[in-house]
Each structure stands twice: as C-alpha cells, then as structure tokens.
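Note that the sequence shown covers residues 1 to 464 in full-length UniProt numbering.
Any given hint could be a false lead.
As the list claims (entries may be wrong) - Mimicking DSBU-like on lysine-lysine, the simulated pairs with C-alpha atoms at most 30 Å apart in a straight line are:
hint, residue 1, residue 2
1, 75, 62
2, 36, 106
3, 352, 62
4, 341, 36
5, 277, 158
6, 127, 62
Since the hints were derived computationally from the structure, they do not count as laboratory data.
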Amino acid sequence: MENEVQQEIRSYDVVVIGGGVGGYTAAVRAANAGLKTALIERIQLGGAGVNQGCIPIQYLYKNVQFIKECAQAKKRGLIIKGIELDLPRMMRDKNQKIRKYIAGMKERLEDRGVDIFMGTATVNADKTVEIAMGNGIEGRIKAESIILATGSTGRIPKQYQSMPEVLTDENAHDLVEIPPELVIIGSGGRACEYATLFSMLGSKVVLFVGEDHLLSSEVDGAIQEAVEQNLLAMQVDIHYNVTVSDVFEDSLGDIHLDVKLGSRDKMIICSDILVVKERCPNLLGLSGLDLKVKNDGVIADFSGITSVPGVYAIGDLVSGMASASAAVAMAIQVVDTITGKQRTLKNQWIPKAIHLLPEIAVVGMSEAEARQNGYPVKVDRINLATNLKLYLDDATTGFVKIISDVDSGELLGVCIYGEGAAELISQAQAIHAMGGGIEDLKRSLHAYPAASAVLSEATLAFLK
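Could you build the full structure based on these sequences and the hints that come with them?
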C-alpha cells in the first residue's frame with residue numbers, strides 16, 4: 001500500500017529516492033538488513049529500464065528471435081506456415097508483462113516493510129526530504145542515510161525538438177504499425193538494437209552514425225566489426241561520420257533531413273526517423289545538497305559515497321555508471337557500506353549486455369584497454385561453432401574472446417558475441433569476483449553438452 005505523508009516528520013534509517021532497478025535493489029537490501037526504509041518514486045516503479053529501456057526491448061527481441069528460428073526451421077525438417085505479425089497483440093502482451101512485473105516489485109517491497117511514497121522528492125541540506133504528492137498532499141521525512149537513485153532523463157538533440165512527433169528509443173517499443181522505412185540516428189548499443197529489431201520486423205533501415213565506427217568504446221574492436229557485418233547482412237544501410245543539420249516534416253507527412261555524409265551534403269527523405277536520446281543525470285530536487293557534479297553525473301566512488309556525508313548515489317546519476325547492472329551492483333555496495341560491511345568490486349567487472357541477434361556481452365577490459373594499461377596481454381578467441389551444444393542449436397554465429405595477463409594468468413576481460421551471451425558472461429564475472437584467473441576458468445565443470453562450457457574450452461589455448 002502506498003503511503004501518504006503526514007505533516008509530522010517521519011524518521012527512517014534509509015530513504016531511497018528513485019524506484020528503478022537500482023533504487024528497488026537498495027530498498028530491498030536495506031530492509032533485509034533490518035533498516036527502517038522508505039522509497040520515493042516520482043513516476044513509476046521500475047524506472048526507465050523496466051518501462052522504456054532494456055526490458056521492453058528484451059521482450060521484442062524474444063519475438064524476432066522466434067521469427068528467425070521459424071525462417072531456419074525448414075533445414076531441420078520443420079515446415080512452418082502462416083506466420084503473421086499481430087503487432088497490437090504483441091504490444092498488449094508486452095505491456096501486460098511489464099505491469100505484472102512492476103506489481104511484483106511493489107509487493108516484494110511491501111512484504112519487507114518498505115514504505116513507498118509516490119511523489120516528487122526535494123532533499124534539503126539537513127537530510128530532510130520534502131515529498132509533493134500528485135494529490136496535493138505534501139509532507140516531510142528524514143533519514144540517517146539517503147540513497148539517490150534518480151537515474152537519468154532523455155533529451156532529444158536540438159535539431160529534432162521542433163518535430164511534433166518523433167520516434168525515440170523511449171517510445172519506439174510501443175508502435176502499432178511497422179514503418180516501411182526508418183532512419184535511425186545514433187551509434188551506440190540502443191541504436192544497433194533498434195536497427196536489428198526493425199530490420200527483422202520488415203522495415204528498410206538506414207543507420208546514421210555520427211562517428212567512424214559503431215558502438216564507440218562500448219565493446220572490443222572485434223565485436224564492433226562483427227556487428228557491422230551482421231547489420232549489413234540484414235540489409236541495414238550504414239553511413240558513418242554523419243552530421244544532421246536540419247530536419248522537418250512536409251505537408252504529406254514525409255520527413256526531410258539535411259545531412260552531411262562525410263564531405264557531401266545531401267537531402268534524405270523518409271517516412272520515419274528514430275532518434276536515440278542523449279542521457280542526462282536527473283538532478284531534480286537535489287539542488288539543496290552540496291553535491292559535486294560533472295556533466296555526466298554526480299561524483300561518487302563505487303561505494304556510492306558522495307561529497308555530502310550520509311548521502312550516497314548510484315546508477316545513471318553517477319558519473320561513468322550509466323547502466324542498470326551498475327545500478328544494482330552499486331545498490332548492494334552502498335547498503336553494505338551503510339551497514340558496516342566491507343565489499344569491493346571493480347567497476348570494469350560489471351557485466352554489460354547489448355541485445356542484438358546475436359547478443360553482445362562484455363566484462364572487464366577490452367584488448368585495447370588492457371594494452372593501454374600496460375599489461376602483457378594474451379588474447380585467445382574461439383568460435384562458438386566449436387561448442388557442441390551451440391553447434392546442435394545452430395547458434396554458431398559469433399565468438400568468445402578472452403584477454404589475460406600472459407605472465408600471471410590474471411583474467412583481464414571477456415567479450416562474447418553470440419546467442420545467450422548475456423547468460424554466458426556471468427561465469428567469467430563470478431570467477432573473477434572470487435579472485436580466480438584463467439586456470440580457474442579452465443577447471444570449471446559443466447554438464448555435457450552445455451553452451452556454458454565454451455568459456456572453459458576457450459582457455460585451453462592458454463595453458464601448456
């Protein structure tokens with residue numbers, strides 16, 4: 001049950017501001033530790049990740065993966081006829097699943113005694129928090145520790161702000177029809193995800209990349225090349241070093257873009273565009289705190305400690321920590337810090353996934369980063385087709401790349417491009433978290449045949 005704030009100040013051990021996956025994890029963790037906990041959420045539990053980001057995209061990817069499997073079924077002796085796309089039904093099912101998941105989040109919080117307040121929080125210097133509720137009720141609460149999990153907000157680049165309706169990475173998963181042609185503007189993981197998704201759903205996709213390669217510094221160079229080749233094979237038209245100077249919609253509803261393709265000026269006309277929003281830290285209601293900030297967020301260490309005693313920050317709000325997996329990891333770390341536990345985890349060893357066909361997952365350093373940090377680097381790469389389970393499943397596109405210290409056997413980084421990569425990467429992270437290296441990865445045991453064995457199979461090349 002949601003709480004109404006009374007005029008008297010209610011006291012808590014911990015107040016969490018923001019109900020995304022990071023804030024939710026922090027609140028559950030704090031309550032489990034016996035701390036009296038409150039959570040304040042302005043819009044909707046689940047935050048951007050559950051409502052607008054990786055969760056709806058993951059749902060849609062499951063559907064297009066099924067389309068892909070049906071197309072490949074004939075060679076396995078299965079004739080599938082009459083596949084028809086019912087997009088409105090797909091959207092309803094997606095939204096229903098998200099609503100049920102959010103209801104489950106709320107139930108789990110309440111079961112642990114977390115008080116949930118739906119409203120806008122303003123934090124004062126004395127660590128009192130004013131809450132403006134949607135029904136006009138206002139009140140105050142206070143806490144010994146405040147965890148800021150306000151996340152980030154999306155901002156449409158200036159040249160697109162005059163468009164009455166523009167698809168963005170925050171609303172493109174709620175379509176009721178598939179655009180016949182779609183220009184996607186962006187270079188990162190989200191742009192590549194939507195390029196893959198809409199191409200599989202039947203759109204003619206053009207991808208305008210502002211840089212000279214995809215995925216910037218997000219992933220290893222070998223994966224950048226593989227993703228480009230895969231998108232090209234899907235008939236996605238990719239243009240690099242593109243600058244969009246102007247955009248407008250004509251009387252017929254067509255969209256005109258003035259672009260510079262390298263050194264050439266060109267006018268592009270299309271039916272729809274999708275713009276990946278710029279992410280900005282959400283500092284709403286935090287001006288009363290003397291927080292040190294940079295352009296990309298609050299300055300905090302991985303324990304969430306900010307410049308204000310007793311105030312912690314996690315997730316997208318923090319400079320350099322913009323991912324749901326980072327938010328969850330920091331939430332655990334922050335509550336451990338509050339309760340006096342010592343726990344260390346390197347930011348680089350937070351797994352990250354990009355949901356393409358096939359998936360990308362990375363953890364640790366890329367090869368380039370390892371070399372830049374002065375390590376004597378050993379690299380081994382194994383194709384997924386060498387793994388029997390993946391071979392039998394026709395999931396042979398992709399590879400595993402392992403980066404290690406050639407002298408010590410220290411595991412420096414792992415990147416996986418292939419089906420199930422987001423699940424496979426966890427083994428490498430767990431071994432590293434336990435202080436293990438290449439030898440430990442080699443000795444990990446698996447059922448036979450198992451896709452997870454591909455990591456230990458890859459390490460065989462390291463050892464004499």
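Status of the hints after comparison with the structure:
1. 75 / 62: holds, 21 Å
2. 36 / 106: Holds: residue 36 and residue 106 sit about 16 Å apart, inside 30 Å.
3. 352 / 62: Measuring from Cα to Cα gives roughly 18 Å; hence the hint holds.
4. 341 / 36: Holds. Residue 341 to residue 36 sits at ~18 Å (cutoff 30 Å).
5. 277 / 158: Between residue 277 and residue 158 the Cα gap is close to 11 Å, so the pair holds against 30 Å.
6. 127 / 62: violated, 44 Å
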